[in-house]
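Visitor: With the hints as extra help, turn the sequences into a complete structure.
The listed protein sequences correspond, in order, to chains A and B.
Everything in the first sequence is counted per numbering that gives the first Met the number 0, starting at 0 for the first residue and increasing by one.
Everything in the second sequence is counted per numbering that gives the first Met the number 0, starting at 0 for the first residue and increasing by one.
One should not assume that every hint holds.
Copies of the same chain look alike in the list, so a pair counts if it works inside one copy or between any two.
Said to hold, decoys possible - List of simulated lysine to aspartate or glutamate pairs, EDC-like, C-alpha gap at most 20 Å:
no.	residue 1	residue 2
1	LYS265	ASP97
2	LYS454	ASP97
3	LYS495	ASP97
4	LYS454	ASP32
Simulated from the structure, these hints should not be mistaken for laboratory data.
Number of protein chains: 2
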Amino acid sequence: MKQYMEHAHGNTLTLRSIGIDTYRENIIYMRADCHVCRSEGFSALTRLVVRHGPKNIIATLNVVHSQLLAHGEAGLSLEAFRRLGAAEGDTVSVAHLDPITSLGFVRAKMYGNELSADNLRAIITDVTAGRYSNIELAAFLVACSGDHLNENEIISLTEAMIASGKHLDWGQGPVMDKHCVGGLPGNRTTPIVVSIAAAAGLTIPKTSSRAITSPAGTADAMETMAPVDLDLDRMREVVKREGGCIVWGGAVDLSPADDILISVEKALDIDSEGQMIASVLSKKAAAGSTHVVIDIPVGATAKVRSQEEARSIGARMEVVAKAIGLQLRVILSDGSQPVGRGIGPALEAQDVLAVLRNDKDAPRDLRDRALTLAGVMLEMAGKCTAGSGIDKARSILESGEAVKKFMAICEAQGGFTEPGVAPHRYDVLADHEGVVRSVDNRRLARIAKLAGAPKALTAGIHFHAPIGKHISKGELLFTIHAEAQGELDYAIAYMKQENSTIQYD
Amino acid sequence: MKQYMEHAHGNTLTLRSIGIDTYRENIIYMRADCHVCRSEGFSALTRLVVRHGPKNIIATLNVVHSQLLAHGEAGLSLEAFRRLGAAEGDTVSVAHLDPITSLGFVRAKMYGNELSADNLRAIITDVTAGRYSNIELAAFLVACSGDHLNENEIISLTEAMIASGKHLDWGQGPVMDKHCVGGLPGNRTTPIVVSIAAAAGLTIPKTSSRAITSPAGTADAMETMAPVDLDLDRMREVVKREGGCIVWGGAVDLSPADDILISVEKALDIDSEGQMIASVLSKKAAAGSTHVVIDIPVGATAKVRSQEEARSIGARMEVVAKAIGLQLRVILSDGSQPVGRGIGPALEAQDVLAVLRNDKDAPRDLRDRALTLAGVMLEMAGKCTAGSGIDKARSILESGEAVKKFMAICEAQGGFTEPGVAPHRYDVLADHEGVVRSVDNRRLARIAKLAGAPKALTAGIHFHAPIGKHISKGELLFTIHAEAQGELDYAIAYMKQENSTIQYD
Numbered sequence: 000m001k002q003y004m005e006h007a008h009g010n011t012l013t014l015r016s017i018g019i020d021t022y023r024e025n026i027i028y029m030r031a032d033c034h035v036c037r038s039e040g041f042s043a044l045t046r047l048v049v050r051h052g053p054k055n056i057i058a059t060l061n062v063v064h065s066q067l068l069a070h071g072e073a074g075l076s077l078e079a080f081r082r083l084g085a086a087e088g089d090t091v092s093v094a095h096l097d098p099i100t101s102l103g104f105v106r107a108k109m110y111g112n113e114l115s116a117d118n119l120r121a122i123i124t125d126v127t128a129g130r131y132s133n134i135e136l137a138a139f140l141v142a143c144s145g146d147h148l149n150e151n152e153i154i155s156l157t158e159a160m161i162a163s164g165k166h167l168d169w170g171q172g173p174v175m176d177k178h179c180v181g182g183l184p185g186n187r188t189t190p191i192v193v194s195i196a197a198a199a200g201l202t203i204p205k206t207s208s209r210a211i212t213s214p215a216g217t218a219d220a221m222e223t224m225a226p227v228d229l230d231l232d233r234m235r236e237v238v239k240r241e242g243g244c245i246v247w248g249g250a251v252d253l254s255p256a257d258d259i260l261i262s263v264e265k266a267l268d269i270d271s272e273g274q275m276i277a278s279v280l281s282k283k284a285a286a287g288s289t290h291v292v293i294d295i296p297v298g299a300t301a302k303v304r305s306q307e308e309a310r311s312i313g314a315r316m317e318v319v320a321k322a323i324g325l326q327l328r329v330i331l332s333d334g335s336q337p338v339g340r341g342i343g344p345a346l347e348a349q350d351v352l353a354v355l356r357n358d359k360d361a362p363r364d365l366r367d368r369a370l371t372l373a374g375v376m377l378e379m380a381g382k383c384t385a386g387s388g389i390d391k392a393r394s395i396l397e398s399g400e401a402v403k404k405f406m407a408i409c410e411a412q413g414g415f416t417e418p419g420v421a422p423h424r425y426d427v428l429a430d431h432e433g434v435v436r437s438v439d440n441r442r443l444a445r446i447a448k449l450a451g452a453p454k455a456l457t458a459g460i461h462f463h464a465p466i467g468k469h470i471s472k473g474e475l476l477f478t479i480h481a482e483a484q485g486e487l488d489y490a491i492a493y494m495k496q497e498n499s500t501i502q503y504d
Numbered sequence: 000m001k002q003y004m005e006h007a008h009g010n011t012l013t014l015r016s017i018g019i020d021t022y023r024e025n026i027i028y029m030r031a032d033c034h035v036c037r038s039e040g041f042s043a044l045t046r047l048v049v050r051h052g053p054k055n056i057i058a059t060l061n062v063v064h065s066q067l068l069a070h071g072e073a074g075l076s077l078e079a080f081r082r083l084g085a086a087e088g089d090t091v092s093v094a095h096l097d098p099i100t101s102l103g104f105v106r107a108k109m110y111g112n113e114l115s116a117d118n119l120r121a122i123i124t125d126v127t128a129g130r131y132s133n134i135e136l137a138a139f140l141v142a143c144s145g146d147h148l149n150e151n152e153i154i155s156l157t158e159a160m161i162a163s164g165k166h167l168d169w170g171q172g173p174v175m176d177k178h179c180v181g182g183l184p185g186n187r188t189t190p191i192v193v194s195i196a197a198a199a200g201l202t203i204p205k206t207s208s209r210a211i212t213s214p215a216g217t218a219d220a221m222e223t224m225a226p227v228d229l230d231l232d233r234m235r236e237v238v239k240r241e242g243g244c245i246v247w248g249g250a251v252d253l254s255p256a257d258d259i260l261i262s263v264e265k266a267l268d269i270d271s272e273g274q275m276i277a278s279v280l281s282k283k284a285a286a287g288s289t290h291v292v293i294d295i296p297v298g299a300t301a302k303v304r305s306q307e308e309a310r311s312i313g314a315r316m317e318v319v320a321k322a323i324g325l326q327l328r329v330i331l332s333d334g335s336q337p338v339g340r341g342i343g344p345a346l347e348a349q350d351v352l353a354v355l356r357n358d359k360d361a362p363r364d365l366r367d368r369a370l371t372l373a374g375v376m377l378e379m380a381g382k383c384t385a386g387s388g389i390d391k392a393r394s395i396l397e398s399g400e401a402v403k404k405f406m407a408i409c410e411a412q413g414g415f416t417e418p419g420v421a422p423h424r425y426d427v428l429a430d431h432e433g434v435v436r437s438v439d440n441r442r443l444a445r446i447a448k449l450a451g452a453p454k455a456l457t458a459g460i461h462f463h464a465p466i467g468k469h470i471s472k473g474e475l476l477f478t479i480h481a482e483a484q485g486e487l488d489y490a491i492a493y494m495k496q497e498n499s500t501i502q503y504d
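Guide: This is the structure we're talking about:
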C-alpha cells in the first residue's frame, strides 16, 4: 500500500514491453483505470511528457481497456522505448504537456502570416525534439506547401534545419556535392559522379537520402551494393581513405528535423518547393559542402514539368545557397523518360555497375548524364579548364579508375555485394506494333512502388521501351519485379487499369 | 496445415480483442512474422482495407513484435471493432488499399487550385467512409484553412457535408434554429432560446455540438442536465411532444463528415472560416431547418475580433445560406468578456437554470442575449410584429412558461438532473485594488480546459470580475473548479505564468 501511494503521488509507472511498432510516432499505452490516468484526468489522444532519468519524450496516449497491462504498468511503442533509452521494468513518470508555443506559429502560417527566423527556429527545434504529433507535422508541412514560403522564410528554414543537427568539417579545400531534384525514375548518377570525382582527387563526402515518394533513393540503390548506414566516425574514415563516400544522410544525423518531416511528406505524397529547397541545401551545408551541382530534370511527367518552373526553382535555390554560403551550379536536363533501364533499388544499382564497368550494353543515357555532371564538378573545383570537364570525366571512367575507386569506397563502407534479383517477375508485352511516343514516369514509379520498391530492394521495373524505339507486336515493354506474389499481383492490377503507361503507335 | 494454406491464400486472420483505444483512428495490429504480412509485403504505417462480411474499413497497420498476438491473429483498435461490427473470434480479410483518388484533390488544393463540387463531394465521401488517416485529414483541413476556400468552394463543401449524412424533415411550417459563432466562454443561450421558442409554439429541433476548441459546447453543458445523445427516432418523439429539443448533433448522424473533421481540428486547435461556415450551415440544413439566427460575438480576445471581420463572415454565411435555401439573420453581439459566470459544462448549466428560473441573481448579460436572440426568432417566424420580439420573449420567460417548457424537454429527453459541483476548487484573489479594464477570454478558456473541461463536466471557472467592476484587494476574481487535483494544479501553474488574464488597475 505504501508503494502504491508513492506511485500515485509521483505519477510513476513501470514499463512493460508490448512490442508494438508505430513507426516514428511515440505512443504510450496506459490502463483506463490506472491511478495516474485517474488522478491526472488523461484521456485518449492526450499528449504527455514521459520522463526516464534525464531523458524525456512526448507521446500520444492510447488507453487500454484490457488485461494487456497490469496495475501500475505502462507500455511504449518500440520507437518511444528507443528514444527514451528505456528497457522493460524501468520506471517512468508521466505528466501533462505544456502548450507547445511554436504550434502558434504554425497556425499563424495557415492564416498567411510570414514566419520569422525565430519562429522557424522554434518550430524546427520542437520538431527535432519529437514534440510534434504526426497531425501537427502534417499541419506544418501543408501550411508551408505550394508557394506559401517566401525566399526569406526558405532561407530561415534552411538555417534552422542546419542548426538542428551535426555540422561536418572536412578541413581545407573545396568539398564537392551534387543533388538531383527528383521525379525521374532510374536517374542514379551519384555513385558514378562520386567515383569519378574522388578518382580525380576531389573530396566528396556524399550523403544521400532514401526515397521520399519515388521507388528508390540513391541510398536505397547504394544499399544493395554496400552498407550505407554509417555513423559519422565511420564516414570520416571512408572519406579520409578514399576521398569520397556514398552514405545515407539520416544515419549521420545531419538535419534530423528533415528526416522527421520527410516521413510525413511521404505519407502525404507531397514534396513542396520551399521544404524541398531547405531539405536539400540544409543537408549540403550541414555536410560541410562548399560546391554543389544541382541537376533538375524537366519533363511532362517529371517532378519539374517546364523549363520555366525549373529556372524558377534553380534561381530560388541559388538565392538560398548564396545566403548560406554555398557555391551552386544548376543543370537543367531531359526529364521526358526514365534514365537507364532499372527502376527500384537493385535494378538501378545494376545500371550503375554496367556504366562503371564500361559494359558495352550499359545504358548510354545514364552514362552521358553522369559524365555531364562530373564534368561540371571538375570544372567548378578547378581540376580542368572550362569546357574540358566532360572529356576529363570520360577518360577517368574509361580508364577504369572510376570503377576501381567505386569498389574501394564500397570496401571502405563495409564490403561490396552484387545486387540481387527478385524471385517474382511479370513481362509486359506490346499488344500492337508502333513507335514509342511518350512514357508516363509517374505511372511507372507507381507500379514499381506497388511492386514493393523501395522497401523490397530487388522490386521494381526493368524498362525496355525508350521514346522513339520501334516496337513489334509481342515485344517486351517492361518487366515488373517483386519479392512477394501479393505485391506483384497488386502492381499488375494497377498497371492494367489504364493502358497509358507507355504510348506507342 | 490445410487450414493454414487456406488462410494464407485468402489473406484472412482471426480477430483478437486487445482493448486499445486509439480514439477515432482505425488501427489494425498484425504480427511482423504473420503470413499475410509476409506474403503481401506490409510494413508499419501501411494503410489496409479490412473486410468483415459485407462491411469494410480502412486501417493503419501497427506491426507487433511480441507474443501479444498468436499466429493467424490480428488485433483492432476499439473504434475499428465498432465500425466493422466485429467481435473477438471473427474472421477478417486484409488487402492493400487502392490509391485514394480524392487525396489528389487535396494535394491540388495545397497548390492553390480551386476545388470543384465533384472534387469536394469525393473528398467528403471518403472522409465519411473513414478512408482518410489523421494525417490526411489534417492535410485537408490545413489546405482549406485561412482564406483558401472561396465562396463557391464553401457552398460545395456545405452541400457535400449535407449529402454525407441523414436529412431530417419536420413537415410543414417554419423550422427554427440558432447558432453562435464560438469564442466566447459561457455564452450558453441555446437552452433558453429553445425553451422560449418552443413555449411560443415554434418547431425548434435543436442539434448542438460538443466543444471544438472551447471549454464547453452547448451539448456538453446540456448533458449535465439531461441526456443529449438521442438517436433520430428519440429526437423526433421529443420534438413531436414538446416542439423543441436540445440534443448532440453527432448522435443523430447529421453531417457525419463534420464530426470526423472536428476531431482533428480540435487536436490542431484550428477552426477556419470556410470549414466553420460549411460545418454550421450543413448541420442546419441537414437538420431540416428553414430559419436560422446566427450570433457573432465580437471582441479583442473572442474568435471574431473586429466588426469588419464579423460583417465579412456574416455576409459570406448569408451567401452560402441563400445558395442552399436557408433564411438567415445575423446578429453581431458584444464579445469583450465571458457571458454569465460559469465557464465549463456544469458551471454554464447553472447560469442557464438561474435565468430560466428567473432567479434574482441570474446573470443579466446571459438573460439579455437570450432574449434578443429569441426575439429575433419570434419575429422571423411571424409570431409577433417587427420590433416586439424581445418583449414577447421576456413575457414568456417571466411568466414561467419557458422554464416549464425546458423541464418538459429534459423529461422527454430522458430526465432532468441538477448539474454537479467539482470536488477541487481554487480561489484566485485580487492582489491589489482596481477597476477591471479587460478580460482575456482565450486565457480563461485555456485555464478552464487545463482544469479538465469539457471532459470533466463539473470542471471550469466561476467568474466574478466583469469589465468595469471595482475590485478590492483580496476580493475574489474567479474560482477554478476541477475533478482531479492534477488538473487543478496544472491549471493553476498555467494561470500563474502570466498575470494578464484579468487586467484591473
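Visitor: Compare the structure with the hints numbered earlier in the document and write down the numbers of the violated ones, lowest to highest.
Guide: none
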